[in-house]
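Here the structure of chain A is known, so what remains is to put chain B in place on it, guided by the hints.
2 protein chains.
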Amino acid sequence: MKPEFIDYSLYLVTDRGLARGRGLPDIVRAAVQGGVTCVQLREKTCSTREFIEEARAVKEFLRSRGVPLIINDRVDVALAVGADGVHLGQKDMPLAVARAIVTDTMLIGISAESLADAVGAQGGGADYLGVSPIFPTPTKTDTAAPLGLEGLQAIRRAVHIPLVAIGGLNRQTAAAVVRCGADGIAVVSAIVAAEDPEQAARELVQAIRSARRTWA
Amino acid sequence: MKPEFIDYSLYLVTDRGLARGRGLPDIVRAAVQGGVTCVQLREKTCSTREFIEEARAVKEFLRSRGVPLIINDRVDVALAVGADGVHLGQKDMPLAVARAIVTDTMLIGISAESLADAVGAQGGGADYLGVSPIFPTPTKTDTAAPLGLEGLQAIRRAVHIPLVAIGGLNRQTAAAVVRCGADGIAVVSAIVAAEDPEQAARELVQAIRSARRTWA
Chain A
51 MKPEFIDYSL
61 YLVTDRGLAR
71 GRGLPDIVRA
81 AVQGGVTCVQ
91 LREKTCSTRE
101 FIEEARAVKE
111 FLRSRGVPLI
121 INDRVDVALA
131 VGADGVHLGQ
141 KDMPLAVARA
151 IVTDTMLIGI
161 SAESLADAVG
171 AQGGGADYLG
181 VSPIFPTPTK
191 TDTAAPLGLE
201 GLQAIRRAVH
211 IPLVAIGGLN
221 RQTAAAVVRC
231 GADGIAVVSA
241 IVAAEDPEQA
251 ARELVQAIRS
261 ARRTWA
Chain B
51 MKPEFIDYSL
61 YLVTDRGLAR
71 GRGLPDIVRA
81 AVQGGVTCVQ
91 LREKTCSTRE
101 FIEEARAVKE
111 FLRSRGVPLI
121 INDRVDVALA
131 VGADGVHLGQ
141 KDMPLAVARA
151 IVTDTMLIGI
161 SAESLADAVG
171 AQGGGADYLG
181 VSPIFPTPTK
191 TDTAAPLGLE
201 GLQAIRRAVH
211 IPLVAIGGLN
221 RQTAAAVVRC
231 GADGIAVVSA
241 IVAAEDPEQA
251 ARELVQAIRS
261 ARRTWA
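Note that the protein sequences, when read in sequence, are chains A and B. In short: position in the first sequence from 1, add 50, done, that's the numbering used here. In short: position in the second sequence from 1, add 50, done, that's the numbering used here.
What the hints contain is simulated information worked out from the structure, not anything from laboratory work. Note that this is a predicted model, so its numbers are computed, not measured. Treat the hints loosely; a few may be bogus.
All copies of an identical chain are treated as equivalent in the list; a pair is satisfied when it fits inside any one copy or across any two copies.
[Stated by the list, open to error] With a straight-line Cα cutoff of 35 Å, these simulated DSBU-like cross-link-like pairs (lysine-lysine) come out:
hint : residue 1 : residue 2
1    : Lys109    : Lys52
2    : Lys94     : Lys52
3    : Lys141    : Lys94
4    : Lys109    : Lys141
5    : Lys94     : Lys109
6    : Lys52     : Lys141
Chain A on its own, in the form it takes in the complex (with noise of 0.2 Å):
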């Protein structure tokens, strides 16, 4: 059964080519100690097989913080390991296949690039979404224009599911985000990519606590 509560205040997605070498695992697990509150791996190169070994390589470690475990693109993935979710960008799984195949035994996550894309997903029955670009990003060459500020307060007035915004976020830009009503952050590079992502996750969270705090 896929869980009730999730807090989508940091969501963090990996990236084997900005990690430095360094071990996912290690990264997650140090992004998680420093406040992490849900995890996206995402693995577009690796077998199968080394890239089910790395989700139970944290899925325990997470399961004993309360973290959701989500697996981007590949259901079969998120099956073997039985994973919370999984992530779904546009050239992924059409929604309505996933849910056949998942049913409600996980959370599954859209992206949405448009106020169209977001609207679809949520009446496909999504259970978040992944808004982005919000802002002009590095680690993905392939998106869409950036939909700024506006666009994300258009899908917040549109939609009512859990959306975390995504793209160009940082310490700097997040309290923007949170308040045009984002539930949360997901970061790639700004966690990754940190010279200590266990001091980067935490100087987000209080980024986040900060802009929640002084828009309530």
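Just chain B now, kept in the frame of chain A:
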């Protein structure tokens, strides 16, 4: 429910990189016209959605011909399209994990590069084995040393489930592996890269039939 009887005689494995720019669905249809009895779609670079669309593009045609559709590596894609089976290499999802996911709704084929792989896969409940490489092959560069006909015979003596031989097989070499007790031969470039895939399949079927007649 997985199909009860599979004819493994001529088993096509696709490879987009060898297709000379032609669409794989067209090659698959031509190859089945020529006599291919089993089709494995193998995609290592395209998106999940594109892989699903490609599989859907051939599924009804294959079903109408009684030719099973098997998906390489990706249990998620196999589930999404309702394939007849999934084929797993030693770097893909472990057999026991895949069986727990697909239960008895799908065939599971396992790549065996040694006698130990073959015996282990049979013991783990594999439906058939792809035994490779028999001969040196240009299609895959990450394979083990060729087993040769002696290696194939040793595996044939050790396991009772169907064996499909793969690696360096063509009209000239097909007869020898059939006489070693292989239930079929799998080819990639001999059909996918052929000027005329239908004619190439027809000639391979004739070579297999001829070998079986002279052997019986």
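Results of checking the hints against the structure:
1. Lys109 to Lys52: For Lys109 and Lys52, both the intra-copy (15 Å) and inter-copy (32 Å) Cα distances are at most 35 Å.
2. Lys94 to Lys52: Both: 25 Å inside a chain and 30 Å across chains, each within 35 Å.
3. Lys141 to Lys94: For Lys141 and Lys94, the Cα distance is within 35 Å both inside one copy (13 Å) and across copies (15 Å).
4. Lys109 to Lys141: Both ways: Lys109 and Lys141 sit 26 Å apart in one copy and 20 Å across, limit 35 Å.
5. Lys94 to Lys109: both (19 Å within a copy, 26 Å between copies)
6. Lys52 to Lys141: both (24 Å within a copy, 29 Å between copies)
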